[in-house]
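**Student:** One letter stands for each residue in the lines below.
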Amino acid sequence: MSKDKNIQLSVEHYFYPKKCVKKERVTKDNGQEADFSLAIKAQLPNRGITAIYGPSGCGKTTLLRCIAGLEIAEQCQLSIGDIDLASLPTKQRQLGYVFQENRLFPHLSVDGNLEFSYKRRFSDNGPSKQQVIDWLDIEKLLDRKPDQLSGGQKQRVSIARALLTSPRCLLLDEPLAGVDSKARNLILQHMKTVADNLKIPMVYVSHNLDEITRLADYLMIMDQGRLVADGALLDMLSRLDLDLTRQENAAVVLNTKIVSHDDHYSLTQLSLGLDLNLGSIGGGADTELAVGRLCGEAGDTVRVRIPCRDVSIALEKPSQSSILNILSGVITDIELVDGARAIVKTEVLGQSILARITRKSLEHLTLEKGKSVYLQIKTVALLSETLV
Amino acid sequence: MNLLDSDISALWLTLQLAAVTTVILMVVGAPLAWWLSRSISRFASVIEATVALPLILPPTVIGFYLLIAFSPDNFLGSGWLALTGQPLAFTFSGLVVGSVIYSLPFVVQPLQSGFQHFDHKLLEAAETMGAGTLDRFIHLIIPLTRRAFVTAALLGFAHTMGEFGVVLMIGGNIPGETQVLSIALYDHVEALDYQRAHWLAGGLLAFSFTLLILLYGFNRQHGVSKAGVKQL
Chain Y
1 MSKDKNIQLS VEHYFYPKKC VKKERVTKDN GQEADFSLAI KAQLPNRGIT AIYGPSGCGK
61 TTLLRCIAGL EIAEQCQLSI GDIDLASLPT KQRQLGYVFQ ENRLFPHLSV DGNLEFSYKR
121 RFSDNGPSKQ QVIDWLDIEK LLDRKPDQLS GGQKQRVSIA RALLTSPRCL LLDEPLAGVD
181 SKARNLILQH MKTVADNLKI PMVYVSHNLD EITRLADYLM IMDQGRLVAD GALLDMLSRL
241 DLDLTRQENA AVVLNTKIVS HDDHYSLTQL SLGLDLNLGS IGGGADTELA VGRLCGEAGD
301 TVRVRIPCRD VSIALEKPSQ SSILNILSGV ITDIELVDGA RAIVKTEVLG QSILARITRK
361 SLEHLTLEKG KSVYLQIKTV ALLSETLV
Chain X
1001 MNLLDSDISA LWLTLQLAAV TTVILMVVGA PLAWWLSRSI SRFASVIEAT VALPLILPPT
1061 VIGFYLLIAF SPDNFLGSGW LALTGQPLAF TFSGLVVGSV IYSLPFVVQP LQSGFQHFDH
1121 KLLEAAETMG AGTLDRFIHL IIPLTRRAFV TAALLGFAHT MGEFGVVLMI GGNIPGETQV
1181 LSIALYDHVE ALDYQRAHWL AGGLLAFSFT LLILLYGFNR QHGVSKAGVK QL
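So the protein sequences, as listed, match chains Y and X. Under the working numbering, think of the first position of the first sequence as 1, with each following residue one higher. Under the working numbering, think of the first position of the second sequence as 1001, with each following residue one higher.
No lab work stands behind these hints, which were simulated from the structure alone. Ideal placement from N, C-alpha and C gives every residue a C-beta, glycine not left out. Treat the hints with care, as some may be off.
Said to hold, decoys possible - Label-pair ranges, simulated between beta-carbon atoms:
#: 1; chain 1: X; residue 1: Ile1047; chain 2: Y; residue 2: Gln148; range: 36 to 42 Å
#: 2; chain 1: X; residue 1: Phe1218; chain 2: Y; residue 2: Asn249; range: 55 to 61 Å
#: 3; chain 1: Y; residue 1: Gln148; chain 2: X; residue 2: Ile1142; range: 21 to 27 Å
If we strip away everything but chain X, and leave its shape as in the complex, we get (with noise of 0.2 Å):
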């Protein structure tokens, strides 16, 4: 076997980050995404543009202003420290924090585009029927934009597994604690263990491979319905 328990660890850690960061994802991103879909003001392009941020910043970049947002001189790092007792740099809780700002787009504008598609006149309809706000989310949204969600929840859940550069500035590389698959790797690397270095890059490829594969086949199975897509 030539996965070493740092190397399980390491597996363990990631999954446990992408898990955590992709439930609170859906929780934020789906009002979110809501809002965006549905604003006419000119606000909204301003919050849609800092959603977007992450895809074209370098993650160092975000990664540094996080690292000093999270320091206790400042404000984010000093209330938290106040609430939790612990610092949000170099801990697990500073990795979630980082995850969610860093895989938000890949939740949030799969739902925007999946929302902006959904016939809005079903949801009067319901209304009448005394359908309150959160009956018609979970009966008539959710099922009816059900791709979006799969499809959100699936790239914000991989995109997090993959992150490095982010985790690199504000978790640093504590074995079990905030050492993730992509920076063992990167040790590998650097101490020319090519072997292990190959398991763990290869396991990721496959991983992502094969979630991509069910992502399109899933959207292929569903795609043909013409569910809550707008009826002329």
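Isolated chain Y, as found in the complex (with noise of 0.2 Å):
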């Protein structure tokens, strides 16, 4: 796992009052309180698309900062395999960055702006010009001047313009934060796009789950200035000790493999056994959900959620009900969220599912850790686009 993680970060930073004379500020034993501190220490994964989220605030986008070279921290250590980059100015970093505000070049056009970061790229084994004009469809923009964008459009072109210098990584703080929401899922296919085509990794900053939860591979949650916790995307949304797992909107997410289509009810049945021949055959239908018809072949992967309220809990399989997804699973963990309701953490195939249910049904089923029991799930959120 270590051999993967091959993003080594290490990074201090203190925010004092702004009286306070810089010369000050160097030294910490001088008594002075900081404003706020930042100090995170992590590894991050290579490969994917790795999320910081937290609340406004909590450093997030100072860390991106300090990442990129933007911000001189006092302490920061920062290498991407062999190559340490915390000595090196920005400019010699290579790293792509999408900023919140966009900042295009007002005087150029698309073109001019997707130009100007081509010319300087830091190599020649990066993506072509139009190889990134079809990931991020901005072919009919190119003539444009940036103020003839929308704000959608305008991040496009901006993550575009990143990318064509042939990053080491790609750091994206906020993109999506002022845009509307249709043009935000169109971004997020054509982000998923990208990362399907380019090899590198990809550090993002949000304080948004869903968009999270549709994009991530890993997870690192922040909160004033500190690391609370990271890991695997998947593992992290169904840990009962982290704050996310008690949040109203609570989910988890699944990766499932398409099994088959039915095309008389057009359904879609996904395997939650990733090695498709267990699934199909070990897990047999107590294994499997159904969804909408897909437009995927069978074996290719889906991202699914399914939020923790959306989850109940019977002992025997309920053989008249609506409901068509029932999966068989062990519980692994109980956690009581308040006097009135406990979270149940369940396992099915390798994969976690959560279900929130009343306090009341945890003492009446007698539930316990290492029991088997069927789960009743009343929707599944599809994240992946692949929908007819």
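Join the two chains into one complex using the hints; note that each chain is given alone, in its own frame.
**Tutor:** Here's what the structure looks like:
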């Protein structure tokens, strides 16, 4: 695991009250109280999308700026693979940066903006201009000036521009913050395309859990300048010790594979077993989910989200129910949320599903660790955009 | 033809002086204006005030102190003499030095205000794309503050063309060497040669007026574009 995590990051940064003279800032032991401090030590995977999640003002953006060298931290260690970046100035770090406010150059056309970064690209191994234009679908915008673009279009151009320098790593600072929800879905799709085609790690800062569950592979949770927890997204979303699972809209994300299509009822069967053979033969129907007809082929991966409040538990398999999705699993953990409710963590073919039920039901059914149960799942949200 | 050879040479000399002065001012003024637009130190206000002094001081005051500084007894005059073998006072070089100081605010102030409206976040973006300082200056700052550069160059040039007091103090009135248009005009008036005075005065008036019309026309045309102004 640690072999894959070859981005080493360690940042310590202090913000003092403005009146404090610069010289004093460097010495930490002069009794001056810091307004805010950032202290993060983490190892990030060198592939896929890492999301940094936390409330506004927790230091996410500052951390990203420290990584890019735009903010000089008091102490910073940063390396990608064998390359030490901390001692380099921003322009030599070879990292792509997508800013929240796009920062397109207003005097240049879209094409001029792309050309600006492509001319200065760090290596020839990166994507070609045409590839990037196709991934982000901005061919039609090339002749426009930035002030003739909508917010979503600006961000697509901005992402394309950052990719054209062939960066070692792409940093994105809430690129969807000012974008309406329709454009947001489109950009998320485009970013997925980029991530599938480009083998560089991306670090994505966001306070929107929905965006993160759709996009990220790895999750870092921050609060008040500190790292709360980090890990693979799917594990993190089902960790009962984290605040994430206590939120009203808590949900888990599952990776599934398409097993078959049912054209008569216009449904698609998804297996939770990532090994397709095991899923369909060993797992059987109790490990499969039915969703609206998808356009993918058997074996394609589909990411789905299951809200905790939409999962209920039964001890025997309900036979007369309108709910199609009934899985069999084993309880691995139980945590009380408050006096009335509890979260039950179950495992189905190695993947975790959380059910939020009342404490009354918990005691009534005498649920405990190791017990086999049936999960009735009311809604399954698709996170991959392969719907017909 | 009512323009004499001496008037032609005064015109030529004036154009040369204005051109050389403007080039030097753009090279010196741009970094100075950039620093002034960015700096928050108290020292910057002192420099800012110094730059603006020629706007309100009588030119003869500046000329007087420059004349003293140019004297071979003083550090500036003696240094220049040792370096070039020529004195500064009553030479073309001396006029250039005087003009640069005299016209400095006309170049620095438009540039400074242009830079203040420049969106510095764009520079960070360019930095992440590997653009160095000079690269960013040429490809972002100059095109996005083009208006300020054009205004600064034209005002610097026009102001130097019409300079009188400083030139009189430090340049004297040597035809072909330090006799500029405004001095030649003064000579004609002194000699009661009003016809030639009219030619020079009218010419300078027409020139300055045309230049300002061109400048404001340019600014109006390019003023509408939001280029370089901070995005909200």
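**Student:** With reference to the structure, classify each hint as holding or not holding.
**Tutor:** These are the hints, each one checked on the structure:
1. Ile1047(X) - Gln148(Y): 36 to 42 Å: holds, 41 Å
2. Phe1218(X) - Asn249(Y): 55 to 61 Å: holds, 57 Å
3. Gln148(Y) - Ile1142(X): 21 to 27 Å: Given a distance of about 23 Å, which is inside 21 to 27 Å, the answer is holds.
No hint from the list above goes unmet by this structure.
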